[in-house]
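**Student:** Place chain B on chain A using the hints.
Each protein sequence line maps, in turn, to chains A and B.
Heads up: the first sequence is residues 1 to 114, going by my numbering.
Heads up: the second sequence is residues 1 to 113, going by my numbering.
Hints are computed from structural coordinates only; laboratory data are not their basis.
Idealized CB from N, CA, C, for every residue including glycine.
Some clues are possibly wrong.
Within a straight-line C-alpha distance of at most 25 Å, the following computed SDA-like cross-link-like pairs (lysine to any residue) qualify [claimed, not checked]:
no.	chain 1	residue 1	chain 2	residue 2
1	B	Lys58	A	Tyr95
2	A	Lys70	A	Ala56
3	B	Lys42	A	Glu52
4	B	Lys49	A	Thr102
5	B	Lys42	B	Pro113
6	A	Lys9	B	Gln45
7	B	Lys68	B	Pro113
8	B	Lys49	A	Thr97
9	B	Lys42	A	Leu78
10	B	Lys68	A	Val88
11	A	Lys57	B	Thr17
12	B	Lys42	A	Gln72
13	B	Lys42	A	Thr20
14	A	Lys9	B	Gly43
15	B	Lys42	A	Gly16
16	A	Lys71	B	Lys58
17	B	Lys68	B	Gly43
18	B	Lys42	A	Asp38
19	B	Lys68	B	Lys42
20	B	Lys42	A	Thr54
21	A	Lys9	B	Ser28
22	A	Lys9	B	Ser105
23	B	Lys42	A	Val113
24	A	Lys71	A	Met19
25	B	Lys49	A	Pro107
26	A	Lys14	A	Lys70
27	B	Lys42	A	Gly53
28	B	Lys42	A	Val88
29	B	Lys58	A	Tyr104
30	B	Lys42	A	Glu59
31	B	Lys42	A	Leu69
32	B	Lys49	A	Val113
33	B	Lys42	A	Gly77
34	B	Lys42	A	Asp101
35	B	Lys49	B	Ser105
Which residues of chain B face chain A? A few of them, derived with a C-beta cut under 7 Å, are [to be verified]:
no.	residue
36	His39
37	Gly43
38	Leu44
39	Phe67
40	Phe90
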Amino acid sequence: NAGVTQTPKFRVLKTGQSMTLLCAQDMNHEYMYWYRQDPGMGLRLIHYSVGEGTTAKGEVPDGYNVSRLKKQNFLLGLESAAPSQTSVYFCASSYWTGRTDTQYFGPGTRLTVL
Amino acid sequence: AQSVTQLDSHVSVSEGTPVLLRCNYSSSYSPSLFWYVQHPNKGLQLLLKYTSAATLVKGINGFEAEFKKSETSFHLTKPSAHMSDAAEYFCVVSSGSARQLTFGSGTQLTVLP
Chain A
1 NAGVTQTPKF RVLKTGQSMT LLCAQDMNHE YMYWYRQDPG MGLRLIHYSV
51 GEGTTAKGEV PDGYNVSRLK KQNFLLGLES AAPSQTSVYF CASSYWTGRT
101 DTQYFGPGTR LTVL
Chain B
1 AQSVTQLDSH VSVSEGTPVL LRCNYSSSYS PSLFWYVQHP NKGLQLLLKY
51 TSAATLVKGI NGFEAEFKKS ETSFHLTKPS AHMSDAAEYF CVVSSGSARQ
101 LTFGSGTQLT VLP
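The shape of chain A in the complex, shown without the other chains (with noise of 0.2 Å):
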């Protein structure tokens, strides 16, 4: 098992240019997240997916979208990237059995927006 993997591992962007990452899990995990990490403030759920075609806004939506086609795929996308954004993005899964619960993340992806 690969885990949860995420493509790329780091990228520039100029301001306006827009972009996709990819996290992909083959665990088959039903829950899939996408979050942000800045200096000194842990990580921030962005958009988050209960299944396959479901997506949900969490804590820092604003300026991604997210889409949840296949249920090992879940992709972020930045329409218009802004310095704000410059960030190191984790993807992660999981599963949920009624009692207990782990989220496993991907290495992460390094955003870097001049």
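**Tutor:** Just chain B now, with coordinates in the frame of chain A:
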């Protein structure tokens, strides 16, 4: 609503001495609680989790945490620090139907030789 407060942004210990990283939480539901560790430029690794079973939870690498409902605390401890423990540690609470995680702001652990 749920929240997590990590009471120390930085903790420094000498190698071989005990480690205590403090965490307080609030949650409207019966929460699950986690500690994750992040080494420099790496992803997050689960250290341990509490899910309403035993209140004393043992994790990897000798870490453990005790859930105290009356104090709404979930402090992380280790009897003897190792140089490889130097990293950032996050206390995390999970609750609600979508199992959303709320992260604390992190505690940077430094281990001195």
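**Student:** Compare the structure with each hint and give your call.
**Tutor:** For each hint, the structure was consulted:
1. B/Lys58 <-> A/Tyr95: 22 Å, holds
2. A/Lys70 <-> A/Ala56: 16 Å, holds
3. B/Lys42 <-> A/Glu52: 28 Å, violated
4. B/Lys49 <-> A/Thr102: At roughly 8 Å apart (the allowed maximum being 25 Å), A/Thr102 and B/Lys49 satisfy the hint.
5. B/Lys42 <-> B/Pro113: This hinted pair holds, its Cα atoms lying about 23 Å apart.
6. A/Lys9 <-> B/Gln45: Holds, at about 18 Å.
7. B/Lys68 <-> B/Pro113: Violated: B/Lys68 and B/Pro113 sit about 32 Å apart, past 25 Å.
8. B/Lys49 <-> A/Thr97: 15 Å, holds
9. B/Lys42 <-> A/Leu78: Measuring from Cα to Cα gives roughly 23 Å; hence the hint holds.
10. B/Lys68 <-> A/Val88: Violated, because 33 Å separates the two Cα atoms, which is more than 25 Å.
11. A/Lys57 <-> B/Thr17: 43 Å, violated
12. B/Lys42 <-> A/Gln72: Distance ~22 Å between B/Lys42 and A/Gln72 Cα, so the pair holds.
13. B/Lys42 <-> A/Thr20: Holds. B/Lys42 to A/Thr20 sits at ~21 Å (cutoff 25 Å).
14. A/Lys9 <-> B/Gly43: 11 Å, holds
15. B/Lys42 <-> A/Gly16: Between B/Lys42 and A/Gly16 the Cα gap is close to 28 Å, so the pair fails against 25 Å, i.e. violated.
16. A/Lys71 <-> B/Lys58: At roughly 33 Å apart (the allowed maximum being 25 Å), B/Lys58 and A/Lys71 break the hint.
17. B/Lys68 <-> B/Gly43: Cα-Cα ~28 Å, so violated.
18. B/Lys42 <-> A/Asp38: 14 Å, holds
19. B/Lys68 <-> B/Lys42: 30 Å, violated
20. B/Lys42 <-> A/Thr54: Distance ~29 Å between B/Lys42 and A/Thr54 Cα, so the pair is violated.
21. A/Lys9 <-> B/Ser28: 37 Å, violated
22. A/Lys9 <-> B/Ser105: Holds, because 23 Å separates the two Cα atoms, which is no more than 25 Å.
23. B/Lys42 <-> A/Val113: Roughly 21 Å between the alpha carbons, so the hint for B/Lys42 and A/Val113 holds.
24. A/Lys71 <-> A/Met19: Judged against 25 Å, a Cα distance of about 21 Å means the pair holds.
25. B/Lys49 <-> A/Pro107: Measuring from Cα to Cα gives roughly 20 Å; hence the hint holds.
26. A/Lys14 <-> A/Lys70: Cα-Cα ~30 Å, so violated.
27. B/Lys42 <-> A/Gly53: 30 Å, violated
28. B/Lys42 <-> A/Val88: At roughly 11 Å apart (the allowed maximum being 25 Å), A/Val88 and B/Lys42 satisfy the hint.
29. B/Lys58 <-> A/Tyr104: It holds: about 19 Å lies between the C-alpha atoms, which stays within 25 Å.
30. B/Lys42 <-> A/Glu59: 23 Å, holds
31. B/Lys42 <-> A/Leu69: Given pair B/Lys42, A/Leu69 is violated - Cα atoms ~28 Å apart, limit 25 Å.
32. B/Lys49 <-> A/Val113: Roughly 35 Å between the alpha carbons, so the hint for B/Lys49 and A/Val113 is violated.
33. B/Lys42 <-> A/Gly77: 23 Å, holds
34. B/Lys42 <-> A/Asp101: Within the cut-off at roughly 22 Å; holds.
35. B/Lys49 <-> B/Ser105: Answer holds: B/Lys49 to B/Ser105 is near 18 Å, not above 25 Å.
36. His39: Violated. Min distance 12 Å.
37. Gly43: 4 Å, holds
38. Leu44: Check passed: Cβ of B/Leu44 comes within 4 Å of chain A, closer than 7 Å.
39. Phe67: This hint is violated: B/Phe67 lies away from chain A, its Cβ roughly 14 Å from the closest one there, beyond 7 Å.
40. Phe90: 6 Å, holds
The structure fails to meet hints 3, 7, 10, 11, 15, 16, 17, 19, 20, 21, 26, 27, 31, 32, 36, 39 from the earlier list, while all remaining hints are met.
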